[in-house]
Amino acid sequence: MDKLDNDTVAALERRAFDLRADNLTAITAAASGHPGGTLSAMDILQTLFFVEMRHRPAEPHWPDRDRFVLSKGHAVPALYTVLAHAGYFSRDLLPTLRRLGSPLQGHPANFLMPGIEASTGSLGQGFSVAIGMALAAKLDNRDSRVYTMIGDGESQEGQIWEAAMSAPKYKLDNLVVILDHNKGQIDGFVKDVMSLDPIADKWRAFNWHVISIDGHDYRQIAAALAEAKATKGKPTFILAETIKGKGVSFMEGKVGWHGVAPTAAELETAVRELRAAKAKHEGVAS
Amino acid sequence: MSAPVKQDASGAVASRDAFGEALVHLGETHPELVVLEADLSESTRSKKFAKKFPERFFQMGIAEANMISVAAGLSLAGKVPFCCSFACFITGRFDQIRMSACYSASNVRLVGSHAGVGIGEDGYSQMGLEDIALMRTLPTMAVIQPADDLETAGAVAYLMGHKGPAFLRTTRQKLKRVNAEGYKYEFGKGVTLVDGKDLTIVASGGTVGPAVDAAAALAKDGISTRVINIHTIKPIDVALLAKAAKETKRILTVEDHQITGGLGGAVCEALAEVEPVRIRRHGVLDVFGESGTPEGLYEHFKLDAAGITGVARDFVRGA
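Protein chains in written order, with numbering that gives the first Met the number 0: chain R, 0 to 285; chain V, 0 to 318.
Simulated from the structure, these hints should not be mistaken for lab results. One thing to keep in mind: the hints can contain errors.
[Claimed, not checked] Simulated coverage check for chain V against chain R, where a stretch passes if three residues somewhere in it have a Cβ under 8 Å from a Cβ of chain R: (1) 49 to 58; (2) 94 to 101; (3) 264 to 273.
[To be verified] Some residues of chain V that are not near chain R, with every Cβ distance over 12 Å (derived): (4) 9; (5) 64; (6) 121; (7) 188; (8) 304.
Glycine residues also receive a C-beta, built at the ideal position from the N, C-alpha and C atoms.
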């Protein structure tokens, strides 16, 4: 879809409040997890699964599907939430996150959950796995596309650059890497821990088609994904500027929310804020 | 086989050569077979496949971590990928093997050539000496080390259908044939090559041939020696080992690998629980390898027939 119409954008915006609330509810129930990086990734994930990707939730192993690999595996509660809303499994499962016996592992385990394409959580690897899937699609002459999301902290891994070197060699124009550039990692701001700047220049130098967007603007996300699809002969890198903790005022931009679950009281505050924002949005939209 | 494998005058073949041939052979009938390489295609012998099936060969450069995870992606999309490098380099990317190959439930095949001190002159940095130990610790990982060309061909063919990740360890040096023509590779089954009642030598890969020769020398000394070839180190053939332990009372493991965590470790773990007997682990004795000729190193580390014979004799006589 090239340009999103107003109704589609409104629907995405409305659903985003529920996704964020469900995501935080699951993390709070688990009493551990990574809220900041789930909220920064959520709008991109929603756009992929609700707008961009060709997939069948009732037939998760459909061979001609587009695939998504979450390389920044610690953001998996956001992916579980999107998958549940997309119909891969019941939303009732979400609060079992991280519980003994639950298929919703703290980091993705592909053999336990439909819709999870690869087991990730040791950073730097999912991107390479996505390259393998894109190569396989090319070999089989399938027009399936492969998407992967990496983190900015994750980009400090050497394997990211091994992978970045290899995809252009094979002209993988069916591959899109999205960087959730939320600027924070466990030990602090990325710029302080180990700066990646200049990010876009690095990827251009590695022969990628590079697009910079606001990772919370659905129109920009969809337009970038459409541009990637229209780009032939090289893979696309989308530098998505995002806000860690996006959508919850007391979490936004706070590195401290990287790997700490909200308390029950904090969750209540967050959910109240998201519900109020949704009601306000519906008032505006109607 | 499409082309004759390089043999020396005695008919010995390096298992890396047999592997390279098997790939080309299987490539004809298995379109799902793909090969990934990290700049060592001449040495690992993946080059023949690359020439024959260039569209299914991926030269990934000197970037083994990426290669292994890419292979996992190919596998998750229906391919059977063989990743080739030296055993020490490929298993050195343990995290990628653990997460991308094993925990992602892939069918990645890791092929580590240049097993052990048998590589010779290049020295320790290029010798796979801890690779079996590393791979054995991983859930779902199979570990296979063939002892001759027939076994290599059989193992590679088997791996086209095996479910789950696997590590195949091949040698640079030529291995004399220990199995008979028409040999059928059976995953997980040890092979009794020589029968005996006083001692069992358990060997794998490059040490199987010398172990068979050692058994002949020991027989002349009046020590009746059984030789078991363990080509599948994980899962290991516990029943065959337990039977040998019960019948011969002594087990000597011989491997071109550290004695910690490899064949010796696997045999000790298996027998300690079901048939504890005296076991001596022989191999690289918790030291680094070094440069030298392959033959000189086998002599130095007592992995040739004479060395194994001496170690076995001392063991039986209580030294």
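To see whether the hints hold, each was checked on the structure:
1. 49 to 58: Holds, because 3 residues of the stretch 49 to 58 of chain V bring their Cβ atoms closer than 8 Å to Cβ atoms of chain R.
2. 94 to 101: With 5 residues in contact (Cβ-Cβ under 8 Å with chain R), the coverage given for the stretch 94 to 101 of chain V holds.
3. 264 to 273: violated (count 0)
4. 9: The claim stands: residue 9 of chain V keeps its Cβ more than 12 Å from every Cβ of chain R (closest is about 41 Å).
5. 64: 5 Å, violated
6. 121: 24 Å, holds
7. 188: 28 Å, holds
8. 304: Fine: 44 Å to the nearest Cβ keeps residue 304 of chain V off the interface.
Of the numbered hints given earlier, the model fails hints 3, 5; all others are met.
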